[in-house]
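For the record, the sequence lines run as chains A and B. Mapping to the working numbering: the first sequence position 177 is 183, numbers consecutive. Mapping to the working numbering: the second sequence position 516 is 509, numbers consecutive.
Careful, some of the hints might be misleading.
[What the hints assert, rightly or not] Here are the computed lysine-lysine pairs in the DSBU-like style, where the Cα-Cα straight-line distance is at most 30 angstroms:
#1 B:Lys343 to A:Lys173
#2 B:Lys551 to A:Lys60
#3 A:Lys91 to B:Lys25
#4 B:Lys119 to A:Lys173
#5 B:Lys194 to A:Lys145
[Unchecked claim] With the C-beta cut set under 7 angstroms, the calculated list includes, among others, these residues of chain B facing chain A:
#6 Tyr35
#7 Tyr40
#8 Ser44
#9 Lys91
#10 Met121
#11 Ala224
#12 Val225
#13 Glu229
#14 Ala636
#15 His637
#16 Ser640
#17 Asp641
Keep in mind that the hints were calculated from the coordinates and are not lab data. These numbers were taken from a predicted model, which means no experiment stands behind them. Each residue gets a CB set at the ideal place from its N, CA and C atoms; glycine is no exception.
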Amino acid sequence: MKTILTTLLAILITGMTYAGNYEVAMQKALTQLNEADSPEAFTSTAQAFDRIGKVEEGEWLPQYYAAFCYIRAAFAEGDVAIREKHLNQAMVHVEAGLENEDNSELQTLLGYAKMGQITVDPMTRGPQLTPEVMQALGKAIQMNPENPRAYMVMGQMKLGTARFFGKGEEEACGYITRALELFGTEEVPEGSMQPAWGQHYTTQLAGTCTEILAEKGQ
Amino acid sequence: MKSLYLSLLLLLFAASTTLAQSLVAGTITDTKGESLPGASVYLQGTYDGASTDSLGTFGFQTSEEGELTLIISSIGYHGEGQSLTLPGNHENLRISLKEDISQMEEVVITAGAYQATDESRAVALKPMDIVTTAGALGDISGAIRKLPGTQPAADDGRLLVRGGTSSESRIYIDGMSVQSPFATKLPALPTRGRFNPFLFKGITFSSGGYSAEYGQALSSVLILNTKDRRAVPTTEISLMTVGAGAAHEQPWKRGSLALRADYTNLQPYQGMMNSERDWQKAPRGWNGQLSLQQETGAHGLWKTFAQYSSNKLAFRQKEPFPGVPDALNLKNDYFYGQTGWSGRLSDTWKLRGGVSGSYNLDDFITDLGNRRTERNGLHAKLVAEHHLPRLSLTSGTEWLADRTVESLSHDSLSTSSEVQSHTTAVFTEAQYRLSGSVSARAGLRYQHMQPSGSHGLSPRLGLAWQAGEHSQLSAAYGTFYQQAEAEYLLAENSLAPYEAAHYILNYQWNKSDRLLRVETYYKSYDRLTRTLSGMPENTGEGFAKGAELFWRDRETVKNLDYWVSYSYTDTERTYSNFPVAATPTFVSKHVVSVVGKYFVRPIRTQFGTSIQYASGRPYDNPATEAFMDGRTKPIFTIDLNAAHLISDQVVLFASVTNLLGYDQVFGYRYADTPGGMLRQAIRPDAPRFVFAGLFITLEKKSTEELLNQF
Chain A
7 MKTILTTLLA ILITGMTYAG NYEVAMQKAL TQLNEADSPE AFTSTAQAFD RIGKVEEGEW
67 LPQYYAAFCY IRAAFAEGDV AIREKHLNQA MVHVEAGLEN EDNSELQTLL GYAKMGQITV
127 DPMTRGPQLT PEVMQALGKA IQMNPENPRA YMVMGQMKLG TARFFGKGEE EACGYITRAL
187 ELFGTEEVPE GSMQPAWGQH YTTQLAGTCT EILAEKGQ
Chain B
-6 MKSLYLSLLL LLFAASTTLA QSLVAGTITD TKGESLPGAS VYLQGTYDGA STDSLGTFGF
54 QTSEEGELTL IISSIGYHGE GQSLTLPGNH ENLRISLKED ISQMEEVVIT AGAYQATDES
114 RAVALKPMDI VTTAGALGDI SGAIRKLPGT QPAADDGRLL VRGGTSSESR IYIDGMSVQS
174 PFATKLPALP TRGRFNPFLF KGITFSSGGY SAEYGQALSS VLILNTKDRR AVPTTEISLM
234 TVGAGAAHEQ PWKRGSLALR ADYTNLQPYQ GMMNSERDWQ KAPRGWNGQL SLQQETGAHG
294 LWKTFAQYSS NKLAFRQKEP FPGVPDALNL KNDYFYGQTG WSGRLSDTWK LRGGVSGSYN
354 LDDFITDLGN RRTERNGLHA KLVAEHHLPR LSLTSGTEWL ADRTVESLSH DSLSTSSEVQ
414 SHTTAVFTEA QYRLSGSVSA RAGLRYQHMQ PSGSHGLSPR LGLAWQAGEH SQLSAAYGTF
474 YQQAEAEYLL AENSLAPYEA AHYILNYQWN KSDRLLRVET YYKSYDRLTR TLSGMPENTG
534 EGFAKGAELF WRDRETVKNL DYWVSYSYTD TERTYSNFPV AATPTFVSKH VVSVVGKYFV
594 RPIRTQFGTS IQYASGRPYD NPATEAFMDG RTKPIFTIDL NAAHLISDQV VLFASVTNLL
654 GYDQVFGYRY ADTPGGMLRQ AIRPDAPRFV FAGLFITLEK KSTEELLNQF
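Just need the whole structure built from these sequences, with the hints factored in.
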């Protein structure tokens, strides 16, 4: 009786500490992500998530954040050849994440990464990749119509196109406004590992929108 | 009992707090001792690890115990594992990583080859360049003719590479050989490629020294790869001054179907222009196209492509000339189809294969007699590729067949003749990475050719050396065989195949968006067909040598993209009716092309220009003693185009060739008449060609319904 109890207890406790470790490691990497401010910092954070992902093969979150870090590194990078390498890494992790779970957040990153690939060579890649970005983001919105990040990236993508053609800003800004509303209602519990980024940048985009629409109104 | 739990818990708590923390730290370098920043260092099977900083150092705490493996991974290096016993002192580790050649960017053998692809940034051309090059008029070979090694020859329209005739180039689509890839060629009138440039995502133009996979081409190969399927259903409409077209592509989960139809008619245009000929029926025709793609299994793809076109034209010469038909009426029907599969069998094995076939019928009716030529071609090919980290092996076999039936009739006389030729070939090629900076390629091709019954063994070699961070040297050598043209085989089917050997040396410098290429070559020809005695015989020979330069710059001026190419060609041959070795009439010794594209962002318009200079071309004046000693005056042309993006779905395009109306003379024809020697200059049909078109792309918006949500 005693032995059974002891064993049970031991299993329970080791199991708990193990689950705790995943959470601790993720939180540590998330803190590192919050402090990252350079392409190098983002890539080393991506590697931290990648290490967790290697152990937790069934989890989508480590892959998601590894991809997100590479995308951030790419957008912070001036050299297009290096940017391209970061984006390729991001795609590897998005795809690994999608193998575990197909959800709105991963589809958003898929669209985000492809949008980055367009910036490497807009003239030749735009026509092929734009529909693919739209498809991923459309799917992201469909899977979770309350996901502010899906609206944000869609708004950012559409705003770029609209500014180039000098029309269609209203539609793009509609997405950004919607993203901002959703950020306002999004509830992120303290200590949650779920994606919660994007509000700050959306506010900036909304500012740009206000300027453009004011200019157009004149 | 209670006390037991308590003590157990206490024990566990105590154990966890007193767990030994070890520090694992050190430096990661490469084999030369240079520090490696950005490497990931971790204990296998745990979360514990760190990335190296800019000095290659790392450090992390771990509470793991026992025998663990420390893994170091960095892109471009072999992953290294080291055994550690924990807890323990591991604060001063020094680990060096070996370069992993298989992960490094391959040193590509660039000798002879120009690649146009979207996948890599460091290429000479982009598929988009084909349609945006001024003067190319949406014709693939039109854009290729602005590259070094090619002759502009605006009276031909096909590819004339390094002294070679138009029959010495072969075109491949997804690896399959395309027979009759150009519309019917008429004397003094340029022809066009039959394939829409928008079909292709990757284009490789090789002006020599190509792989053992390609045979039956003495001078060059143009390798076209069709686009992948689109992600969303797309409809395209084009309205042009010379016709209209519509296309639709419908994708599904793992495949897609694309259909396209075009109608062209130059009648309204010719009606407004003053041309050299009196067009009774300006060129007109229908073109239909089908592409079908389907993914199979985990790593396979079927691609099927078919095209049918039917064209007509009729004209009378305004200035009749002896030996040239006064009136000509042509009807052409063309069908081309291919189907093929490519895929991965395992991580290291790939297989691809397919069949293609063509049917081409030309019906000429002239006042000098009628000619009906039917030409059928077949190609079947199977290739296996084996990819190892440093070595790639490609082996395959192919079969090419060609059948030509020609019927001639004049008054009540009529004759008909037929010839068939077959080529069976096997080839194998190895590409080996000797080191991070040297790649070598060696291939061998054996072919058996009918009806002559000849055999040929062609070695192919290539070597590339990355001399510096931005520069590379490469060299290529190969021997090439090609069956004589059907027109000669019809008269004499025992003609042996032609032979050529290429020697190429190339230097390339590439830094971000600037590219410089310098290339020099020597080419020898043997067993070319001569017709002096009336019957064709294989006694011709020749050579070509030259130097070429290509400079492209997309960086110096914002929104400006330009390239400059120069070719020097020194070539002579005895072939056709040449009594002595001479330079063929289509060769200009010096050719300079400048192509520029400037994007004016505020008006969303790209302006393009192409300026080309070609030194005088040879012609023979029968009145002089020497053969081919005449030289036309140089040809100078300026072409302009503009593409305006009305929206992301509508593009307005306009172009004009030979803006200044420079009088182009391609050569002269002579005729000995009782009244004395007659001479006539060969000129383009019209000095300029003006074109405008509206291109509309309609994509079904998968997100449209989602918009209604807010």
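Now the hints, each set against the structure:
no.	hint	result
1	B:Lys343 to A:Lys173	47 angstroms, violated
2	B:Lys551 to A:Lys60	44 angstroms, violated
3	A:Lys91 to B:Lys25	24 angstroms, holds
4	B:Lys119 to A:Lys173	28 angstroms, holds
5	B:Lys194 to A:Lys145	27 angstroms, holds
6	Tyr35	5 angstroms, holds
7	Tyr40	4 angstroms, holds
8	Ser44	3 angstroms, holds
9	Lys91	20 angstroms, violated
10	Met121	5 angstroms, holds
11	Ala224	5 angstroms, holds
12	Val225	4 angstroms, holds
13	Glu229	11 angstroms, violated
14	Ala636	11 angstroms, violated
15	His637	11 angstroms, violated
16	Ser640	6 angstroms, holds
17	Asp641	6 angstroms, holds
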